[in-house]
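Reading the sequence shown from the start, the letters are residues 390 to 584 in the numbering used here.
Some clues are possibly wrong.
[Unchecked claim] For lysine-lysine, the following PhoX-like pairs were computed, each having C-alpha atoms within a straight-line distance of at most 20 Å:
#1 LYS549 x LYS513
#2 LYS572 x LYS441
#3 LYS457 x LYS562
#4 LYS529 x LYS443
#5 LYS546 x LYS572
#6 LYS529 x LYS562
#7 LYS475 x LYS507
#8 LYS546 x LYS507
#9 LYS549 x LYS507
#10 LYS546 x LYS573
#11 LYS513 x LYS457
#12 LYS547 x LYS529
#13 LYS562 x LYS473
[Claimed, not checked] Here are the computed distance ranges between Cβ atoms for each label pair:
#14 TYR506 x VAL439: 17 to 23 Å
#15 ASN582 x LYS547: 17 to 23 Å
#16 GLY447 x PRO551: 24 to 30 Å
Just so you know, the hints here were simulated from the structure itself, not pulled from any lab data.
Virtual Cβ for every residue (Gly too), placed ideally from N, Cα, C.
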Amino acid sequence: MPISSSNKNMKKVNGSILFLAALLITIFGTSGCDQTTTNVLDTETVKDTVLKYKDFIGENPNAEADMKVVSDFVNACVNEDTIKAKSLLDANYLGFGPSINDSATALEEINAWKENYKIHSARKVSFITQTYRVLVGDRKGDWVSLMGDYSCTLNEKKMKMPFQLTARLLNGKIVGAITYWDKKYLSETLGYNLL
390 MPISSSNKNM
400 KKVNGSILFL
410 AALLITIFGT
420 SGCDQTTTNV
430 LDTETVKDTV
440 LKYKDFIGEN
450 PNAEADMKVV
460 SDFVNACVNE
470 DTIKAKSLLD
480 ANYLGFGPSI
490 NDSATALEEI
500 NAWKENYKIH
510 SARKVSFITQ
520 TYRVLVGDRK
530 GDWVSLMGDY
540 SCTLNEKKMK
550 MPFQLTARLL
560 NGKIVGAITY
570 WDKKYLSETL
580 GYNLL
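Take these sequences, add in the hints, and give me the full structure.
In structure tokens form, the structure reads like this:
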């Protein structure tokens, strides 16, 4: 799942939506983006009401703290600090990505990184973060999005892979996350031909 580390020279983006696609996925999932009759909204939303941005999205009152939690988690994963990484995940954490059928519990997430440490060397990450609060629907809550690049040497090949992570936080812990990266690019970089 994760891939990230803060670059002190990169700007934090707070409040504005940088990743429109991530936002739409966060709000609507894969069910489409029909503004008038979305099936992911709870009873707070009246059917056939046209909703505007401010009806869905607000400021995260824990913006700096939440962005730090997610940034610290990604940095801990990349820098082999699995104890810290695990401490930032909720006991019921569930992560998804890059494909819809890929999922991991907190323990599975940490174990996957431990396996990565065996084959990834010269790991580096840089990213920017932003945060927002979803006000209605089944994705209601505080979210942090990261967009960045993960680089490492794998099978003696240097690679740099863009990624996007969107994490939901509750009480200072990451309760869930969705991470996207290009599996095809990774496979081709490693010399595999996909048919």
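Quiz prompt | Indices of hints not satisfied (ascending) | solution = 2, 12, 14
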